[in-house]
Amino acid sequence: MKTILRRDKLKIYGDLLSALYSDSSAEKVVLTQVQVKIKVPFDRLKTYITELVDLGLIKDEISLELTKKGTQYLREYERVLDFMKRMGLAYR
Amino acid sequence: MYDVERITIEVVSAIACFILVRFMLKPFRLTGETRYLGLPLGFGFLGISYAFSALSFSSLFDFASTKWVQLFVRAFAFLFLAVTYYFSKSAEEPKLLWNMTLGILAAILTILILLAIISPQLLWPNYRLAQMFVRVFGLICLSYISIRALKSHMEQPEPTTLMIPLGYILLGIGQYSLLVWAVDQSIFAFFGALVLRLAGLAVFLFVSFRTFYDSEKRGNR
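Here the protein sequences come in this chain order: A and B.
Residue 1263 is where the first sequence starts when you use the numbering used here, and the numbers rise one by one after that.
Residue 551 is where the second sequence starts when you use the numbering used here, and the numbers rise one by one after that.
One chain only, chain B, in its complex shape (with noise of 0.2 Å):
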């Protein structure tokens, strides 16, 4: 029921986060700094993890093989955009800790992925379970980000950082009622995560043109 909508609405997310790592590599490119590399990985990871969606709910692709792979690379996108806004807090170089942190990441993800293709009966036997620890992890790194976003808004209160905040609660909200449509099964808590997901990232989306491209437009220099 309603997987024409269900497709739609992943696929545009997809697109909206391959667009997003474009402008996320962006300060990783000008300041050659590993540690803001985590945004382009987590939002490439999460555009992978809906076209992944995307392709469940169509009938061209074997799901059950590869929804291990989903649930992974949708934890660790989250996991690597709340470890960029972790390190970023820290006054000291961390550098080194950034790096290893990084490695050991793409290490267990990489062997998670490998297990789930090779051996996926080593893994949980309940996906659902898994699933919904997964939602509920998603949950806790959003809100970890959102509550450093907004600290950082409130050290520079300007009405231009106070929209990146906003597009992480819009994204948390959405994570926050897939939780609630695994317990009751809402058709309105469902689609409800899906616009609110697809709202944080227009969010996002507007941020980044507004920076790289309005600026253009005004030819300051």
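Just chain A, same shape as in the assembly (with noise of 0.2 Å):
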């Protein structure tokens, strides 16, 4: 049987902020398909997106875009995780 694991925040954070980066090209960023994404429920994605506002990694909530603090995390969490795939360790 295959094991759901359990992710931390800063996790879904980075999940998070890679779904908007990569939908920041579409003219309107669809909530509905970033939570089928990133495989969170509805209300709890609303209030990630409003601790992300408030962490200053997103400018607000109705453009969902990411800040210029967003994508440098962004870029790091990324850099970061590809390290620690490259070291046969895994991150969830």
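Treat each hint with caution, since some may be false.
In silico BS3-like links for lysine-lysine, alpha-carbon gap of 25 Å or less [said to hold, decoys possible]:
{"hint": "1", "chain 1": "A", "residue 1": "K1330", "chain 2": "A", "residue 2": "K1308"}
{"hint": "2", "chain 1": "B", "residue 1": "K645", "chain 2": "A", "residue 2": "K1273"}
{"hint": "3", "chain 1": "A", "residue 1": "K1330", "chain 2": "A", "residue 2": "K1273"}
{"hint": "4", "chain 1": "B", "residue 1": "K639", "chain 2": "A", "residue 2": "K1347"}
{"hint": "5", "chain 1": "B", "residue 1": "K639", "chain 2": "A", "residue 2": "K1273"}
{"hint": "6", "chain 1": "A", "residue 1": "K1271", "chain 2": "B", "residue 2": "K645"}
{"hint": "7", "chain 1": "A", "residue 1": "K1331", "chain 2": "B", "residue 2": "K576"}
{"hint": "8", "chain 1": "A", "residue 1": "K1308", "chain 2": "A", "residue 2": "K1347"}
{"hint": "9", "chain 1": "A", "residue 1": "K1331", "chain 2": "A", "residue 2": "K1308"}
If you are wondering where the hints come from, they were derived from the structure by calculation, not from laboratory data.
Could you fit the two chains together into a complex? Lean on the hints.
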């Protein structure tokens, strides 16, 4: 049986920022599509978005555009994840 | 004989390890998970033990009093790395267990170092035999890590994930060469071990720089 691993908040933030960044080229970011991508319930997705706005990683809850700080965080997050994958260490 | 060459290789190895610590700290700094502390601790202790080796070959330092410290530090370096890989495979939340393991290992290492400094006669009287055990122990740890890293590569077979197992395998063969040298005193085995170690560390440096600086140059965002 496949185990479903619990993700911590940091991983969810990273996945969410990544999903928002990849959807940023679209005319409008559709939250339900983001929800499907990162696999979290809709109410919790809204909470995470508010938290990311408070942290200054997203401009606002309407445009869902990443700030400069958000882009930098996402870039570092992806690099470290890549490094851990190369090192043979899993991060859930 | 060959003291300058030995000192140079030990110093270069120590510097390589200390540079690697900077990269190995990044997963811990980003995630805040203590189980990733094993990587910087492992490479940091390896660097310290190589620095001790360099000092032991120079005439500047009385090695006799600190040889045990060097031995323990090296053994614990391999242990920290192996434990990190052991905990990374666990599907459950290993936080508490890892924190306890880290605390216990740190306490044991501190006690052993204090014993080595205060009362070395209480430790194993035969240093050469202890050194042999540490080399075998290092070889076992590196074999385990290589297998874990190779398994991880097989789960995600990409060319980028093959380099690190190669690095660990080179370090492992280097450790094996040191064992051969201890038995037959072959100078080729000794220098072979040092060259293999350098090659292994070079692989780690290459992967680290490539991950963090190459992607920056590409400027993908």
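Comparing the hints with the structure gives:
no.	hint	result
1	A:K1330 <-> A:K1308	holds (21 Å)
2	B:K645 <-> A:K1273	holds (16 Å)
3	A:K1330 <-> A:K1273	holds (19 Å)
4	B:K639 <-> A:K1347	holds (13 Å)
5	B:K639 <-> A:K1273	holds (17 Å)
6	A:K1271 <-> B:K645	holds (15 Å)
7	A:K1331 <-> B:K576	holds (18 Å)
8	A:K1308 <-> A:K1347	violated (30 Å)
9	A:K1331 <-> A:K1308	holds (20 Å)
Hint check: a violation occurs at hint 8 only; the rest are consistent with the structure.
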